[in-house]
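Protein chains in written order, with the numbering used here: chain V, 1 to 493; chain X, 494 to 804.
Among the clues, some could well be false.
[Unchecked claim] Straight line, CA to CA, 30 Å or less: simulated DSS-like cross-link-like pairs of lysine-lysine: (1) V/483 - V/399; (2) X/647 - V/399; (3) V/399 - X/498; (4) X/498 - X/791; (5) V/37 - V/26; (6) X/791 - X/647.
Since the hints were derived computationally from the structure, they do not count as laboratory data.
Treat the numbers as computed from the prediction; the structure is a model and nothing was measured.
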Amino acid sequence: MTRRPYLSLVIILLLVALASWVDLSKQITIVNPLNGKTLVDRKVDIRLGLDLRGGLQVLLEADLPANATVNSNDLTTTRQILENRANGLGVSEVVMQSAPPNRIVAEFPGIQNSDEVVKALQQTGLLEFVDLGDERLAVGTAIQTDYGTANAVPDGIVTLSPTNTASPIPSATDTVPAPTEAAAATSQETPAATEAPAAPTIYHTMMTGASLSSVNVEVSQQVGSSGYVIAFTLKSDATTMFSDYTGSHVGKILAIVLDKHIISAPSINSQIDKGTGIIEGNFTQDSANALAIQLRYGSLPVPVKVVESRSVGATLGEESVRRSLIAGIIGLSVVILFMLLYYRLPGFIADLALIVYALLSLMLFKLIPVVLTLPGIAGFILSIGMAVDANILIFERLKEELRAGRTLRQAIDLGWARAWPSIRDSNSSTLITCLILFIFGNTFGASMVKGFSVTLAIGVLVSLFTAIIVTRTFLHVVLDRIKFAEHPRWFGI
Amino acid sequence: MNIIKRRYLYFAISLLVIIPGILALIFWGLSLGIDFTGGSLLEVRFESGNPPSITEVANLYAEYSTPELDISDPIVQPLPPDSLSIRSREMDDATKSEVVTALQERFGSGKNVIILNFTQVSPAVGQEVARAATVAVVMAALAILIYIWFAFRKVNHAFRYGTAAIIAMLHDVLVVVGVEAIFGHFLGWQVDSLFLTALLTVIGFSVHDTIVVFDRIRENSNIYRRVDYETVVNHSIVQTLDRSINTQLTVMITLLALALFGGTSIRHFVIILLIGVFSGTYSSIFNAPPILTVWENKEWRTWFRRKPVAV
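Can you make the complete structure from the sequences, with help from the hints?
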């Protein structure tokens, strides 16, 4: 590498260009010029932690007897269900992570009122009646619905488009035998939509579980059926709506969706106008009971309770971001000035390396992506100091070698070689500490501690890179042609 | 410059800081934050600029306290200019809402009362965190001892280097914890997970500094084989002094910028880091290498002997 400083310089400049591009853009797209395929299409944005943008963090723990252990699959399922519920609330960018063996960390950016969210999480599942049209989806399929989104209808009220209400079909019975997934024949002729676009379909929720007043398991009256059906009664305010809806959607499929997963997909056989209906299928007593319980209460494989909650107001967050930014800029400027005044020309080179360092770190924060918390920013600012340390070590050695009468080129290589063991050993000890902090932070959902260790570790690694490659290359490129004897003052000697 | 010669003076200076800290630890103890004890922490800002007095808040809390959910005796601290931090035993969400509404009605003076942050931790989780924190600190110390042992394995008495670095590190830990105990008593600072983070960082930084000096001793011992150990050590310290001071300056500049201009919520954290970084550099120059010399000369044999009286 020392033989070819210009090659390294080109690589560094390319890296800097890449870093600047990522740092300045919010979205990066790379298209393969040969076939026009999109290779990379990613949102790259700095992610701020809850302490900086305001929000709520909740640590949930399995609410089980002390000696019971939690199956990791159950924990994962619970997390998924909770995540769906949270998304159903219309809260965006909810992050949930399992913290085995028995905890889940949930983060809700922008939420101030913890009461509502926590209640919603602990309450029963979100039950929806979803209009699938003619599409027959398998039980267990995860779907997206418009419930809780901006254009959703309020709970229990459905708006029907005029074209749908045009042909109401009269019906005689109030308990409608609805063929379920097994017995469905009517709508099988439309298995189209194979050319479906990549974007997931968002289905319309016509009613939620809030409109059900009672759910019971009954023995089927019908001859030849497997034996059990689920009978439900609607609340009075939903009856008319449900009647209109079923009247206009005969033959269509009305899926019963719990926490965004289809649990049953019967088709509507006729209008349901009295507010009661039954769901039929190949139920055993157990499976019918299970579905009825889900309809009544929703379900979580593991019940959870809140053991820790932290909420940060948005005002405090904004203030912290602004202040950290100011502190960072001031800190960085003073360090840059100090290096320039004390180490002169090499100091200037170190400053350039420091800027490369800042650009590269920021790129990594965005690409990985690292969630920036307040201590995380502190870790990053602290690592600026440590990044400079590597350069200081090299320059002090450089000066010594120059005083010993070596040529500049020799002095750079020797100074670097002699400083390297110190740089390596000292940074290793910091990395060891980071690792232990990370493990500690991860176990307790202490995202502040975790954030600090991650940014500090990235800072240390990037600073090693800048010390090993960038500073050395810059030194060679700039200094190889300078005769030290003519300009000792440039080196502060 | 002869630093090694005055080693006992520098040890004395260290003790001068550490002993009051240890006394503070013994008599006052550390005040543990809710991260470790469990409980609730509510920080509120009064937009009117007139936060209620400590007794007023305590009375309000006492009103909402029930036998099952005892939140009387909250610890209230003013956060100038217009905010309060209120710490109590764990309360539920409903009580929190009631308390905040009451604060708004009684002390809002027509302006908003804003919740800056609200934290609650159950006592069980707190204890677990405290236990894990202790494990983390011990693990970090052990990992670093092993690393130094490994890095210096080719030097004579590698174990001494590791031990001296650990002693210097313990010095910094004692300084930081002692200062925290003193400030905790007078300023109400509390040990939270951030303090722990700062402590672990100081451990990393302290060893980082010590290794740079030791590295030079390792190198010089090979070059100057005929020179006596004390001189080699002193020479190494002087050679690395510029670097030690400059690095410390840059790190302290960045930390100082954070302390002065950064958010109030991390000020405690940053100040602890500042103290720790300073102590780390001090111990890497004035404690760790002198300890090597003391060890080399086996000076403890003369520590408790009367000095020969000059006739």
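Here is how each hint holds up against the structure:
1. With a CA separation close to 14 Å, the supplied pair residue 483 of chain V and residue 399 of chain V stays within the 30 Å bound.
2. With a C-alpha separation of about 28 Å, the suggested pairing of residue 647 of chain X with residue 399 of chain V holds against the 30 Å cut-off.
3. Note on residue 399 of chain V and residue 498 of chain X: the hinted pairing holds, with a Cα-Cα distance of about 27 Å set against a maximum of 30 Å.
4. At most 30 Å may separate the alpha-carbon atoms for a hinted pair to count; residue 498 of chain X and residue 791 of chain X meet this at roughly 15 Å.
5. Among the hinted pairs, residue 37 of chain V with residue 26 of chain V is consistent with the structure: their alpha-carbon atoms are about 20 Å apart, no more than 30 Å.
6. A hinted pair counts as satisfied when its Cα atoms are at most 30 Å apart, and residue 791 of chain X with residue 647 of chain X qualifies at roughly 22 Å.
No hint from the list above goes unmet by this structure.
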